[in-house]
Structures are given as C-alpha cells and as structure tokens.
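Number of protein chains: 4
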Amino acid sequence: MISKDLIGTKNEAARVAHEDDYGSLGRQLARRGVEIETLTARAMAWSVAIPTWGVGTGGTRFARFPGLGEPRNIHDKLADCGVIQALTKGTRTVSPHIPWDKVSDYNALRQEAASYDLGFDAINSNTFQDQLDQEATYKFGSLAAADPKARALAVAHNIECIEIGKALGSGALTVWVGDGTNFPGQQSLGGMFRNYLEAMGEIYAALPPQMSMFIEHKMYEPAFYSTVISDWGSSLMAAQALGPQAKCLVDLGHHAPNTNIEQIVARLIHVGRLAGFHFNDSKYGDDDLDAGSVDPFRLFLVFNELVEAEGAKGFDPAYMIDQSHNVTDPIESLMGSAIEIARAYVQASLVDRKALAEAQAANDVLGAHRILKAAYLTDVSPILAEARVRQGGAHDPIATYRASGYRAEKAEERPMVKGASSGIV
Amino acid sequence: MISKDLIGTKNEAARVAHEDDYGSLGRQLARRGVEIETLTARAMAWSVAIPTWGVGTGGTRFARFPGLGEPRNIHDKLADCGVIQALTKGTRTVSPHIPWDKVSDYNALRQEAASYDLGFDAINSNTFQDQLDQEATYKFGSLAAADPKARALAVAHNIECIEIGKALGSGALTVWVGDGTNFPGQQSLGGMFRNYLEAMGEIYAALPPQMSMFIEHKMYEPAFYSTVISDWGSSLMAAQALGPQAKCLVDLGHHAPNTNIEQIVARLIHVGRLAGFHFNDSKYGDDDLDAGSVDPFRLFLVFNELVEAEGAKGFDPAYMIDQSHNVTDPIESLMGSAIEIARAYVQASLVDRKALAEAQAANDVLGAHRILKAAYLTDVSPILAEARVRQGGAHDPIATYRASGYRAEKAEERPMVKGASSGIV
Amino acid sequence: MISKDLIGTKNEAARVAHEDDYGSLGRQLARRGVEIETLTARAMAWSVAIPTWGVGTGGTRFARFPGLGEPRNIHDKLADCGVIQALTKGTRTVSPHIPWDKVSDYNALRQEAASYDLGFDAINSNTFQDQLDQEATYKFGSLAAADPKARALAVAHNIECIEIGKALGSGALTVWVGDGTNFPGQQSLGGMFRNYLEAMGEIYAALPPQMSMFIEHKMYEPAFYSTVISDWGSSLMAAQALGPQAKCLVDLGHHAPNTNIEQIVARLIHVGRLAGFHFNDSKYGDDDLDAGSVDPFRLFLVFNELVEAEGAKGFDPAYMIDQSHNVTDPIESLMGSAIEIARAYVQASLVDRKALAEAQAANDVLGAHRILKAAYLTDVSPILAEARVRQGGAHDPIATYRASGYRAEKAEERPMVKGASSGIV
Amino acid sequence: MISKDLIGTKNEAARVAHEDDYGSLGRQLARRGVEIETLTARAMAWSVAIPTWGVGTGGTRFARFPGLGEPRNIHDKLADCGVIQALTKGTRTVSPHIPWDKVSDYNALRQEAASYDLGFDAINSNTFQDQLDQEATYKFGSLAAADPKARALAVAHNIECIEIGKALGSGALTVWVGDGTNFPGQQSLGGMFRNYLEAMGEIYAALPPQMSMFIEHKMYEPAFYSTVISDWGSSLMAAQALGPQAKCLVDLGHHAPNTNIEQIVARLIHVGRLAGFHFNDSKYGDDDLDAGSVDPFRLFLVFNELVEAEGAKGFDPAYMIDQSHNVTDPIESLMGSAIEIARAYVQASLVDRKALAEAQAANDVLGAHRILKAAYLTDVSPILAEARVRQGGAHDPIATYRASGYRAEKAEERPMVKGASSGIV
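Chains as they are written, first to last, in our numbering: chain A, 1 to 425; chain B, 1 to 425; chain C, 1 to 425; chain D, 1 to 425.
So here's chain A without its partners, still in its complex pose:
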C-alpha cells in the first residue's frame, strides 16, 4: 500500500502553493456569492465506484498489450482499488464482475475490501463470453437468444449474481447484454425483444426488495447490425415492463454519434428511471477512453442535469467509472478519471441556479449560457485538492503514486502471463 508518510511528505511540499491557490479561489468565489467551504464539503462527500475489471489493462480485437503487475484475481484487484481510494479518497466502492470475481467466502471478501476502506457497489453479470464447458453457447445471444437453453443459462447466471450481490451488500444488479444480430434478417427484431423481456422477468422475480436492477443499453458492439437494448428508449420500455425496481443506466460511450446525452439524463430523471452512470469518454465508437479526456464540457453538462435534479423524489443515481485502459497504467487512469469526474460535479455545483432560471425565463439566451460557462471555466482544482488532503489523501495523487513505486513492486509480485486475458474481465 501507499505509505501515509509519503502522502504527508508530498502534501507538505505542496502546501504553501496550495494555500495560495485555495485562498485566491475562495476570494474570487466569495465575490461571486459562493462560499468555498460549501463546495469543499460537497467534494469531500462525492464518490464514484471502480469496476474490478478497470484495474486490468484493456485491449481491442486486434491486440491486447499487457502492462506490468496486472492483478491476477479479485484480491489483487481490491489491493489496486485500495491504492486509488487511499490517494483520491473519492472512490469508496468497488463494482464486481461475475464470474471472474467469484470466491468461496463473500463475508471474508467484504472484510478484505473494508480493510482498504472499500465497500461493494452494483454487481455485474456477464453473458458476452462462453465459460469453459458451458452447456449452451452465447454465440448467438444470451437473454435474447433464439435458443431457450442459452436463455436459461443466462437467467441462472444472473440469479446467481443476485445471490452474490446480496452476500456482498450490493444494492443493484447491472445487466448489460450485447445480444443482437450482424445481418438483417438474422433474427426477428421484435422476437429478440420478447425473448429478452421474458428472461429479464425471471431475473427480476428473483430480486430482493432492497435491490435494484440496472439496465444498460449500448448502440452496437459486439453485435453490428442490431442490438436488442440499443438505446434509452428500449431500455425504458424494458424497465417499464419489468417493474419499479428496474431502472436505466447511462454509459457515456453507448450512443449514436451527436446524441445529446445530457437530455437523456433529463428525460430519465423526469420519468423516475435514472439508475445512474458509467463514466468514460469517447470520440468515435464506444471507445471507453478516460473520463473528461476528449470532451470535458459534455461531462460537465451531464453533471449540470444531475445537480439540477438533486432533491427530487427518489433521485439517487449510482456512479461508476467504466473505461478500458489500453496504453496507460490503469491505476493512474482511474485516479485521473475520478478527479475529472469530481471536477465536473463541483463545477456543476457552482452554477448560479437562481440567476440561470431568471435568464431562462427572460429568454436571455446568451446570458443563460454564460452562467453555465462561468461555472465551467472556474478552475476548481484547489477545491478538489483540499477535499483530498483533508481526508488524508494526496494533493497530487498521480505524482504521489509514481513516487511510491507501487507498480514496480507489483510487477515483481505478479508476473506477466502472456496472452492470458482479454482485458475486459
């Protein structure tokens, strides 16, 4: 683990500069009618989940180039997530992936996680790969497959995930299926949806009352002509058909080009079905790039909706990072992303909502826009750093991590296994 001494030494070295920056920003915000401490308190309360597969190196269909010291199992993954939490103090939960994170003793796993200051978030089922000696193949689909045996297998797997989720204290089961077709005519578009709803209904029936079901849509990939839950409309139809515990999850990279994602957030909030978010960024297809690395203003606009909705009845979205780290150290990418996501949240918290509502009512178009932009342009880095430092985290998590030698140490502990993993497990 990262030593507290190292964190303390690094933070102290940055202290004077940080105090100047934090003080300057405080004075500026005060002139704008904002108390900096309110924002710092919000930053301290913020948290986003890390998926267990996120700490491994990802790849593409062309190749995966493994990194050094990659985690070999859920225990290694928890250790890596613990580093992220120790340094950023804003990633308090971990989202497991089944079957890869299965263990024999889930109580022990909860305690192991707690030792890293971590809890468990939504549990993720997986039916996009066949496991060794599986009784039916998911080659042509899982929950929506034409083959009833494939559907039954997928239902059973999801019900097992619910049981594991209960054991781990998860509040939700996230269901994403890539089921779809590669050819017009391969399957009936309506028929696949009916198969899906029937299978999901069996899973839903197994949910305990305190658990939610998160439905995740994705435009395409691995299916390239049609995908059964390809858009938020299909996701909403499914949630409505299933019942009140079913909600719709939004992943920033799962939409058609040019889609206004923040408006989808607003719609799902309106209808009371927003499950939460999977954060990442993208420029082309579902790129799973680091959050805020390509279009940080879009990330801010999503948070603008979320902050606007705070306090609405039943509004309690779940947040997770969902990225593929192909060319970076996953721990660095996840820390950087956690910071960018918190940045967008704090910037959105800065929006002068009263002035905004007045400008909107008066059709002062540019005035309203500039109110948003004023919040976005504010460099809230000192607030984010202050929130970390006050909780014992690092002023500069990435620099501190690099100084710690953690990766080099793990590279020795965890030898590279050539060609082993696809990077999404």
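Keep in mind that the hints were calculated from the coordinates and are not lab data. Values in this document were obtained by computation on a predicted structure and should not be read as measured data. All C-beta atoms, glycine included, are put in the ideal place defined by N, C-alpha and C. It is possible that some hints are incorrect.
Distance ranges between label pairs, derived from CB positions [unchecked claim]:
| no. | chain 1 | residue 1 | chain 2 | residue 2 | range |
| --- | --- | --- | --- | --- | --- |
| 1 | B | His75 | C | Gly169 | 52 to 60 Å |
| 2 | D | Thr137 | A | Pro208 | 42 to 50 Å |
| 3 | D | Arg414 | A | Gly201 | 39 to 47 Å |
| 4 | C | Ala152 | D | Thr38 | 33 to 41 Å |
| 5 | B | Ala361 | D | Pro99 | 36 to 44 Å |
| 6 | C | Thr137 | D | Phe315 | 28 to 36 Å |
| 7 | B | Ala361 | A | Glu135 | 14 to 22 Å |
| 8 | C | Glu202 | B | Leu132 | 44 to 52 Å |
Using the hints provided, position chains B, C and D relative to the given structure of chain A.
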C-alpha cells in the same frame, strides 16, 4: 389534368413488353411458391399520402430556386396531387398544412379533393414560423416555450387544426415542433419537456374520440443544441403521458447517424404506439431526399417490419411522403417516390416468413439473411406497373407525365413569384 | 458608438477584483514557470476577423426570426463591427461578402472602416444564390455546373471579387461553393470536379501575386448527396492543381461526425497549405453555433496545433468567425465568441511544450495528456481581461455593451423589414 | 474438395428454371438495348481476392466464438479458398498475411495454390500485434512510433513482406497501420506523420519496380483519439510523398459516418492514385460485415465509379474482400459476398452511360438518377449464375457447399483449439 387517352396510348405501347416481363416474373415467383396475383392485389390496395407542401419546390437556408408553375394555394396543390394519383393510383389522400391550407368552406374543399379521387389524411399544425402580426413569437419555442403567451398561441393553433381536421375528415393531428435550444443552458432541458407536456395535454383534451394525435420527433434543426422531442424515447414518454390516442410517428430522416430505424419501428409496434411513417431518404442530416434514392435497402427493411406486424391488434399505421424537392419537378419526385415506396412494400410482402422463422430458430444466420435478400433482389417492377394499369394509371407515370405537357401549361397559368415562398409551406 | 467614459467607469468598478484575480493567476503561473506578462502580450496581439454577414440575424430553412436594429447595409455592418472592436480590441478586421457589400467608392469604404479601427480581411464571393435577373441560374451549381453559362457567370463574379478585394486591401479571396448533387447519378462526380478545377483555374489566373485563394470545403448542404469540395482531401487536390497561392481553409462545422479536426490542421500545416480557419461550434450538422459553446476543448486542441506550428516557414493562417446568430444579439455572440477564441489561443500558449515533448518521447501517455489538460484547465480570464483593458477595451464587453443602450438606439434608427433577409448575406 | 459430380448434379436440377430466367432477362435487356452475352462475358472475367484470414472465424474485443473446422495454417486456408473458387469461379487469388502465412518454401506454396486454381494477390504486413519475444513493442505504434526501435522493427518486417511477396508473385504490398493515440497530447499529430513518412520511405526504397505499395487508411481502432492515416487525404499525402508506386486503398468500412465513399473513389481515380478496394459492409464503426448485406446500393454506387473509369490511363484497381465472420461459416459468407460484389459490378455495367451523360448535361436530375436506378433494380442473378455454370462452378454455390458436407469433414480433421486465435490472423 392528364388525359385518359394519353395514358391509354402510352400503356398500349408498352403492353407487349410488359406482358412478357409480368409473365416471366410470374413463372419465377411460382417456382418460389408465390402466386403473383396475391402480390398484385396487395400493390393495388397500397396507398401513401401526399403532403400539400410537397408539390411546391423546397429550398435550404442558403437559397430556394423556384420551379415553373408552382402551386399558389390549396386548390393548385390539390390539382397537382390529382395528377399524381391519376398516374400512380397509389396516393389516395392528401395531408394538409395549416395555416397555409385554410379556406372558408371545408365541405367544398372535400368535394374538390374528391373530384381528383382524393381524400384528406392527417392534418399538420405549424408553429415553426411566425405569422404576420402574431401576438407572441415562436423565436424561442412554441409548445415548450418559456413564454406562456407563446405556448397559449401554439395550443390554440393546434386546437384550430383539430377543428379543421374534423371538417376535412382527417383521422389524426400530426404535431411536430422544432422547439429546443441553440446553447447549453439556454433553457432547462427538463423544464422544456414539462412545458411541452402541459401544452400537449390541453390539445389532447380537445381531440374527438375518433381522432389520433401523432407525435413526430426530430433529432435537430431548427434547434441545434437540444430539441424537446429529439428521439423516439422522448416521443414515447410524451405519448404515454398523454393517453391512448397519442402515438409516435417515425420520419426516416429524423435520427442520429447510423441509427437502426427498423428496430425503432419494431419497438413502437411492440408497445402499440406506432402512428406511422414519413417517407423520404437522407445521407447526412435531415435531408428530405426522395424515398429510396440513397438507401433503398433501408426502406425495404422498414417495410419488412411493417409487413411482419400485419394483423397485430390495433396495428394501422398512417403513411405519408415528406420530402423537399429542391432540384426536381415535385410531381415527378413524388410519383417516383410513391413507386419506390410501393416497391419496398411489395418486396417485403415477398419474404418467405415461414422459412425465415425456421432459419432464425436454427440460428442459420446466413440462411435467414438470404431469405430477406431474395425478396429484396426480386425486380417487382412488373407487379407495380400491372397494379397501376389495372386501376387506370400509367405503366410509366413519369414518362406519361412528361408527355402530357402539364408542367408547361401550369407555368403559364401560375406565374413565378420571385422570392415568395420558403418552400416548406 | 460605445462611449469611452462608459468603458472606463465599468472597468474601474471591476478593478480591485480584477487585480486580485490577475495577481493570483500570475503567482500560480510563476510557480509553473510561466511569466504572465508573456501571455498578456500574446493576448493583446491576437485578432480574429468578423464577417459582415455575422452582425445580422441568421435563420434556418424553416424560418428566420429577425432581431431589433439589424444592419441594413455595409455601413451599418461596419458600425456594428466597430462596437465589437471597441469593446474586445481583438477583432481588427472585417471580411466582406459580395455582392451585398458592394459600394461605388472602395477607398471611402476603407476610410470608413479605419474610422472604426478596422481593416479588411479576406473577401468572400457568393454563388449559392441567384441575384435578380441573373443570366444563368446556380440552381444546379456554379463553378462546377454542367451549364457552361453558369460556370462563366460564377468565374466572372469571382474575378470581380478579386478586383474589389484589391481595392479594399484584402489579402485573399475565399471561395466556397455548395455545388453538388441531391441524387446519385445527378451528375458525374468526376465531371463536376473537372468543371470546378477548370473554372477555378480561370479565377486563379486573375489573382495578383500578393493575394491568396482560400478554398473552403464543406461536407454537405445545400447539396445533400454529394458536394464537389466536401472534404479536405478534395480541397488539397484542388489547391495542388491550382498553384502555390491556393490554400485550404478549415471551418470547424464542415466535417463528418466524429472527425478529428485538429489532425486535419496538422496535415495541412505539414503540406504547407493551411489557409486558416472559420470559427464556430456545432453539435449535429453545420450548426454555426457560437465558438466554444458546445465543445470548448476541441477549440483548444485546434489552437494547440496552431501554436505548435508557430514559426514554421510560411505559416501565417487567417482567422475568421463564421457563425449564424439565430436567437441572440449578434454583437453579443460575436464578442463572446471572440473572447472564447482568444481564450483557447492563450490556453494553448500555456502548454509546456518542452515537458510535453519529453513525455511523448518516453511514451508517458497520461503524463503527456495531463500537460495539455493543465493548460486547458487554467482559467485565463484575467489575462484576457487585462489585455482588453490595457488597450482601452472593456473588462466585461457584454455587460458594458448591455449598459450602453446601443441596440435600443439602433432599433429606432434601423426599422425592421419583415421577411427581408435570409440572414446569410 | 467439392466434387464436380455434385456441382453437375445440382446445376442440372436447376437448369430448366435457370434457362427460363436467363432467357427472360435476355429479352428484357435486349428491349433496353443491351446484349446479355456482353454482361455474361464481363461476369465471367470478374474476380476478387480472398484474404487468408477471411476463412477463419472473427471476433470482437469481448469474445471470439470459434467455428467448426477452422483452418490451422496457410495450407488449410488455401484449401478453404479453393472451395470458394471451385464453386463461385470468381475468386482467383488469395491475399496472404505475414507473419501467419510464412512457410519455408514459397515456390511449393505457389504450386499448392495453383492446384486449387489460385494465385497470390497483394501481400499484407502486420504490425498491430506483438509477436512472441519481439525486441520492441508496438503498444505505442509501429511505423509511426516515438520509439525508433519499434519503427525499425516494423520497417524490417515490411521489407521481409516484400521479399515474400516477390517469391509468391504478388504485385503489391498492402500497408495498414493502426498507429495513433488514445489521448489528446499522447503524441504530436504532426510528429507521428513525419515518423510514418520516414519509415515508409525506407520500405518504399526496397520495392522492386514491378511492385506497388498500397496504403490503407482507417478512421479509428485500435487507436481511439487519433490515427496517423485516418482518412484518404492523409493517405494521398503519404502516397505523393513516397512516389509513383504508392497508391491509396479504400476499405468500405474505414470512414466517418455519412461519408460519400464513391466520391472518394472518383477523387483517387482523378489523381491517378486508386490502389483498389477492400470490400465489406458496415452500419456503425468498422464492422467488417458481409459485402452488400447492409447497404447494397452503396456497393453499386462504388462500382458505378469504377465502371465509369474503365479505360482510363493506368486504371487497374485491385479488389479484395476484407470481412470478419463472427457468426457465420466463413466459406459461406465469402461466397455470398463474392456474389454480391459481382452483382454490383454487373449492375454497374448495365448503366446506359450515353443516356446518363445526356441527362446530366441537360440537368434532368430525376432522369439521370432513374437511369442509375434502372440498372440497380435489374435482377442480374441469372447472369451471375450463367457465368458460374459456364466456368464449371455452381448455380447455387451456398446450397451446393451445404450439400457437400465439406465443413463437417473438416471439423473432424481440424479439431477446435479453445481460445487459440483472435480471428484476425
């Protein structure tokens, strides 16, 4: 009007060749287990509506280049639509646009239309332009506007449309609003939707029981950052909030790039909310090109869903052409489009649905796809021609129209008014 | 005009806060090894051109909603541009549009512009609209048309523009043609390009040695199936065929979805053919939204390429704002955009290029990215304000403009003409 | 192999029906002024190459679901390609992939191929994966990498490919590199291009005079923020920098959404740099679906350009199928695709180019379009079948293949190796 003699003469000249083609196709289809007369009967029963604005020349924000003999009013428009129906025999209704098609005596207008063998289809309201001396502006929106006066005006206009629709025998009111924003922050995304639902509720309340409300979504334009009803999910949410008479209309050009439109059709059929279609084609934005001119296979795939759904409870979609004819004679474009749409319908009727279902059940992916492709590759032109000729229409509508001299005659009757119209009224 | 007293009073009211912000930023930058005065000097030297059509209200093919006090002619337009320059001090040139800005005495026009502290930038020809009683129509194209008369007319118009440009002191002729097709087969794709090259060759031959020819590409609109100069590859091929005075202009809104525009900039710089930029922003098609309003990081990344290329041989790009102001006061939008563009330029100037090159050489992917992000996240507003104030401009141009009453005054002077303009002239 | 007896028996069973269809089409074409034998002769002369990786099952980054009897090496691959050629008679060459197809004796390999009636087409290098114990990694790029060792390795590999190509009688080396970045700032966009040009220059220098270099561009994947050769403009710039033996290859799936690919073909023909095509189809990203399965009209429009260009000086494009068969039997998909490609070629050969040129010259927009459509709507299946049968191929290749039991036989011969291949080698 087009003389029956001209049609007869032209058809006779084509007769021998046509009979050979029709006979050959009949033999081929018989070998494939299909009775050609069944398809010809379906082709004869098919009809698609023409919007009154379609017979005028369209333009872009850069320019409109008027054509010769453009219709000056609803009476000229009916005459032009009458030509299309006389030659193609598959465009039996006209969809009016208010306020442009307002007259003092709607009963007389129905009789005038009937004299051309035409009835009235869904009535279209318009709140994307300000009318002279309008009490409030639609510059910042209509049904979803922040300004309650603009909303009230738009509601009143739609209720007036319902009244006119009743007088004309229309079965539905189509509501499309371009309301939205050009800047992040310009309006609350949730707030605009709430305004919209409230205003639509007032209109819905004025609907007589036999009339439907068609909600049309569009991704963007005239608003360029957000649009209140930008996708089918928003459209469905609105329809669900309003009541059972509200349904969702799909326009082929109103989607994000790469969208699988035929699956949207399948979803709306599943949920019992498919209002119908606006046909056109597009390559980039909402291009309003001639149906089937850019991606004819996509048109076929849409019809594949529609034909598959035939017989489902409450399934009764309305079909209209909705194009902008910027560089062609609108009558020619509309006849060509009516033929391409009928072609896709007949091709989709050719799909061997029993064999398709078997291939799908067996996950014979390529086999299933090839069943669709076999239908699509069939050149059903002889069936379409036979259906026209049997009903008194033209074997080759465009050639017959060109031979008739109709446009030149109208060019004299209807002098060009420079810069007068924007081409979308 | 805006009174200097008003500017002075407003600036004085903001002075203390501004000094605190500027001082704080200076200390932070000094800690990062950057001298704030260097950046302020760069901000003071920066300028972007305003197109004369930009000060009018724009519209869409659906409607144009005019604003108050719109300019009626080139003299009004210069007055409005003068206001923008007086307040922002970073828009020192005006880009005229022919035929709308034609006058009898260009020498007088230069003096009139100079009285507003303005010069003339690239001159823009126009062949996307027919002028009254034009001998041939541009309905089917201009420089690339099948009709030789249309081509000859367009060539003559462009040569006239060169003459006017000479008289006004313009350094370049910008040629954008929307020529293309709406239907596959409408014209030969190769044939249109050959027609275009031949016509452009005649125009090129009329260029004086000190004038450049800027070729602007656009993916689509007004043509919706193909456009003769639809991408930078076609633009480059044309420039290479014409000669060294021909260069390629990049407009941020004229690309396919997802295009990496900053890489196009890098390519054109590599080949020595970057003419310059037309700034705006867009979310869907060619939206012509305000620069930096939808994707400000993309704007920064473009400037990152431009600043990286500074000092390269022959590198001297021209910069212009090219927006359509449909729902805002154009003067406000142009001032806001000028500020956002200058912001991106100053942020890009902040990039630590030595550290960046080192991180890139070491494949420190996240480190390199964070160096860019550090520059982008810096709120350089105090530098931009300081640069304006030092030159006699406004600390807050939009607030000062609103306080001045300029628009209300012009609304009286310049009565609204209903339906007069399409907003793109 | 497929027995000639089986082919003969199946063909004979279809003979009477085929003769009726072929005769009917012949009469129809004769009425349209076209001699069917001319088209049949063209169909017989047509050929498209099969890539060796195409006969394996492909996958996505999520999973690869292997098929039965997958080829284990170049010898198995040649056998599978031989089946395709035997049945379709229009796939006379194979395009090898190095290092996977390396053997010790290339002369023997040529003879082995010849025994299947196959020759070798363009040779493909590969630098998107690391080979075991490679001296430098391609993780951060190959020809464009920052690391000179990675570049040198990639250059050496390509030069080795040239040598193998010479030994196999290949006429060209195809170079596709996925080099690019996942983060803004990761590398200098200009710098990567300069590295690429330098490395490509070394490879170009090793080309023998009779060999061409084909440069393939791709918008994205495996790199997700920038790709060094992402578009045809970059490809052309590279070809121009390298020399006359360098040309630009177009793959149908490697473009931005909405791109007009047929116009790119026209541009590359104009500038004399069209290398040829990689055929497939796609709906979203680079989907590598079966040619003609999603947008068959687009395929036709590409061939419309190619047929129009026939006879132009130096026009001699290379054609290859480049698909990923994830859910079908690759042999079936490749045969189906070969047929669809030949279909588009024959349809494009049917265009009445004289009438088209006249309609274009007269700006008869719809008339011109309908001339293209008339060719496209013609069901030329009987011509394609006749061309196969006359050469000893199958009237219905897929049905004959299914009847042959080839796959079941190979499934025994070639046992499945779990998780072995990524499907793109």
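Here's how the hints hold up against the structure:
Distance hint check for His75 of chain B and Gly169 of chain C: the Cβ-Cβ separation is about 56 Å, which falls inside the suggested range of 52 to 60 Å. Range check, Thr137 of chain D to Pro208 of chain A: Cβ separation about 48 Å, and the 42 to 50 Å hint holds. Checked against the given bound of 39 to 47 Å, the beta carbons of Arg414 of chain D and Gly201 of chain A, roughly 42 Å apart, stay inside it. The given range of 33 to 41 Å is respected by Ala152 of chain C and Thr38 of chain D, whose C-beta atoms sit roughly 40 Å from each other.
About 42 Å separates the C-beta atoms of Ala361 of chain B and Pro99 of chain D, a value consistent with the hinted range of 36 to 44 Å. Taking 28 to 36 Å as the suggested C-beta distance range, the pair Thr137 of chain C and Phe315 of chain D conforms, at roughly 35 Å. The supplied range of 14 to 22 Å is met by Ala361 of chain B and Glu135 of chain A, whose beta-carbon atoms lie about 19 Å from each other. For Glu202 of chain C and Leu132 of chain B, the hinted distance range of 44 to 52 Å is satisfied, since their beta carbons lie about 45 Å from each other.
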